[in-house]
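**Q** Each chain is listed here by its residues.
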Amino acid sequence: MFDIDKWQEIFATIKKNKMRTFLTGFSVAWGIFMLMILLGAGNGLSNGVSENFMRDAVNAMWLWSGRTSIPYQGMQENREIRFTNADYDILKDLEGIEHTSGRYYIGGNLFSYGSEYGEYTAITCHPDLKDVESIEIVDGRFVNQVDIDQTRKSVVLGKDIYDALFDGKEAIGEYVRVNNIPFKVVGICKEGGGTRHRNAYIPVTTGQKVFNGSNRLHNFALTINAETIEESQAIENRVRERLARKHKFDATDESAMGSYSKLEDVIQTMKIFQAIDIFIWIIGIGTLIAGVVGVSNIMLIVVKERTKEIGIRKAIGASPSSVIGLILLEAVMITTIAGYIGLVLGTGLMEGLNFIVEKQFEASAATNGGNGETLFRNPTVDLGIAMSATLLLVVAGAIAGYIPAKRAAKIKPIEALRDE
Amino acid sequence: MISLNNVHKSYVTGTNSLHVLKGIDLEINAGEFVSIMGSSGSGKSTLLNILGILDNYDEGSYYLNGSLVKDMSEKKAAKLRNDLVGFVFQSFNLISFKNAMENVALPLYYQGVNRKRRNKIALEYLEKVGLLDWATHLPNEMSGGQKQRVAIARSLISQPKIIFADEPTGALDTSTSYEVMDILKEINDDGITVILVTHEHDIAAMTQKIVRLKDGRIDEIIKNGDLKHFQHQYAKELETA
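Here the protein sequences come in this chain order: A and B. Throughout the first sequence, residue numbering follows this note's numbering, covering -9 to 410 in sequence. Throughout the second sequence, residue numbering follows this note's numbering, covering 946 to 1186 in sequence.
Watch out, some of these pointers could steer you wrong.
Unchecked claim - Pair by pair, the computed Cβ-Cβ distance ranges are:
{"#": "1", "chain 1": "B", "residue 1": "1160", "chain 2": "A", "residue 2": "381", "range": "57 to 65 angstroms"}
{"#": "2", "chain 1": "B", "residue 1": "1078", "chain 2": "A", "residue 2": "381", "range": "46 to 54 angstroms"}
{"#": "3", "chain 1": "A", "residue 1": "271", "chain 2": "B", "residue 2": "963", "range": "53 to 61 angstroms"}
{"#": "4", "chain 1": "A", "residue 1": "-6", "chain 2": "B", "residue 2": "1106", "range": "28 to 36 angstroms"}
{"#": "5", "chain 1": "B", "residue 1": "1131", "chain 2": "A", "residue 2": "8", "range": "35 to 43 angstroms"}
{"#": "6", "chain 1": "A", "residue 1": "8", "chain 2": "B", "residue 2": "1120", "range": "32 to 40 angstroms"}
{"#": "7", "chain 1": "B", "residue 1": "967", "chain 2": "A", "residue 2": "276", "range": "52 to 60 angstroms"}
{"#": "8", "chain 1": "B", "residue 1": "1010", "chain 2": "A", "residue 2": "373", "range": "54 to 62 angstroms"}
{"#": "9", "chain 1": "B", "residue 1": "1106", "chain 2": "A", "residue 2": "389", "range": "38 to 46 angstroms"}
{"#": "10", "chain 1": "A", "residue 1": "373", "chain 2": "B", "residue 2": "1106", "range": "29 to 37 angstroms"}
Just so you know, these hints were derived from the structure itself, not from any lab. Just so we're clear, the structure is a prediction, and the values are computed from it rather than from any experiment. Note that the Cβ used here is the ideal one computed from N, Cα and C, for glycine as well.
Just chain A, same shape as in the assembly (with noise of 0.2 angstroms):
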């Protein structure tokens, strides 16, 4: 295998038959290539638009409540329905839920530190909330469970507000005021995967007493427990049901109680995406039988044209398995190299498009307040995969030779000899 002098034959041969090897390496090479931008190309594709859509946790889920729209057991329609901590203490211990925070909004807060003031809106919150929305802290902490229970001043600014009111000045331990009443900042925070940080938390007890809410919840944020959109539905419906049950509604009435799950979104979304991978994977298979055809074709034709040196070789003491060998190496050199040669060029023409895709994400985000929207990121294909459909080129092209080369071998060497 490692004998120098039969690669020097090799290398011999290959010189002075370059069309030849260059039409071999070529079919491979071009395989190798365009597997490599189509599979990149679907996962640039799939990646810039799941990117997209992880923004929240993807399986969460939020209540709202309304008026009733149907009359339930003797009581009027147009009825308001108010949810209250009450609902928190049994959505936190329904089965399939994760994570429950309930929301009470403050409507038109003046947010004001020494001589800077800005509107903002200030969202009175449970601990879970950051885990629902994905929410990113910069600095310090969020709402935590003694905030809770001690119904503690704190609260966590959105990174705009801390720009607008500190602009780079120290915030964690310092005063706020929020429509005049001083809470201390405990964290400051981005939007999961969102544009703008004008929210502030507050915890929502803290919220409740101060702004008269009494135990008054507006909506509920929730991450279930569910894989498919069959369990997804299946807590919804256990959660409208009791909830129905306690506030006296009817279950069905969307009106009276309201209901999103993103992850029945997701699920639908990444149900496209998986049709397009396996597009993609037909498509690359499509290719890469392309490619196996034409080095094959090329083989036996290689070795036919080579059926009169066979003979030679053997009639002045060839044995067929250095006959074979040889042809055999010289296969699997050339699709080797050529293979190789079409990764790096996929390879280099996937990373110089990534390059351009990062460079106009970062030109979008600037102008975004740090968040770029783009439909198309990371275009590469897994490395494991390309040097595998590399090898299967490389096995195909041998065993394409392999086949008539030992024909060709076995046959007497006078029969090789009249072959012209």
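Starting from the structure of chain A, add chain B where the hints point.
**A** What follows is chain B alone, placed relative to chain A:
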């Protein structure tokens, strides 16, 4: 050296069977210069291919250098060819993408001689056939006579005991034919057995022994001493023709 006993050979093509050799008995000793003659289809090339282990036979026995050659594996046949036999073909059979030196050196590659050494030896043999200046030329840049001389150098490089030549002058004009025959004669003078197939009487007349085939059987064997008689008969044949 060579001993054939009742050798039969048929070619089967589809349902037709062509009985080419119908029982050949032949002894050739080491150092002989033998020609095999016969009209087209008499089986002379087939006989040579069997002698050179390029083809197999159906019946009988063939001893080459004391060992039986029958149903040999390709690997063993290849080894035997490499060790004992050199070939010269009518159509030269040089590898077109190798130059003269590389063509001559190729048998040594299969003997495991390293590149530098085998190329040096190849140049020596090219010098012997007077083609040292053509060492780096490809076959298609050479004349027929030159190609044949390269082929002879190639057949000699493995220092074989027997040279088989299938119509070595068939594609050459008369003067180059004689040059090639002179080289073959020199080879024979060095003690190597030379067996050639030809249908040209003047070429055959340069050998020591003529085996005439007719319809797959040996018609007659003419020894050196009888050559005068052969030439007489040859003249008679020409008259009747």
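**Q** Against this structure, judge whether each hint is valid.
**A** Going down the list of hints, with the structure as the test:
no.: 1; hint: 1160(B) with 381(A): 57 to 65 angstroms; result: 58 angstroms, holds
no.: 2; hint: 1078(B) with 381(A): 46 to 54 angstroms; result: 49 angstroms, holds
no.: 3; hint: 271(A) with 963(B): 53 to 61 angstroms; result: 56 angstroms, holds
no.: 4; hint: -6(A) with 1106(B): 28 to 36 angstroms; result: 31 angstroms, holds
no.: 5; hint: 1131(B) with 8(A): 35 to 43 angstroms; result: 40 angstroms, holds
no.: 6; hint: 8(A) with 1120(B): 32 to 40 angstroms; result: 38 angstroms, holds
no.: 7; hint: 967(B) with 276(A): 52 to 60 angstroms; result: 59 angstroms, holds
no.: 8; hint: 1010(B) with 373(A): 54 to 62 angstroms; result: 58 angstroms, holds
no.: 9; hint: 1106(B) with 389(A): 38 to 46 angstroms; result: 40 angstroms, holds
no.: 10; hint: 373(A) with 1106(B): 29 to 37 angstroms; result: 58 angstroms, violated
Going through the hint list in order, the structure does not satisfy hint 10, though it satisfies all others.
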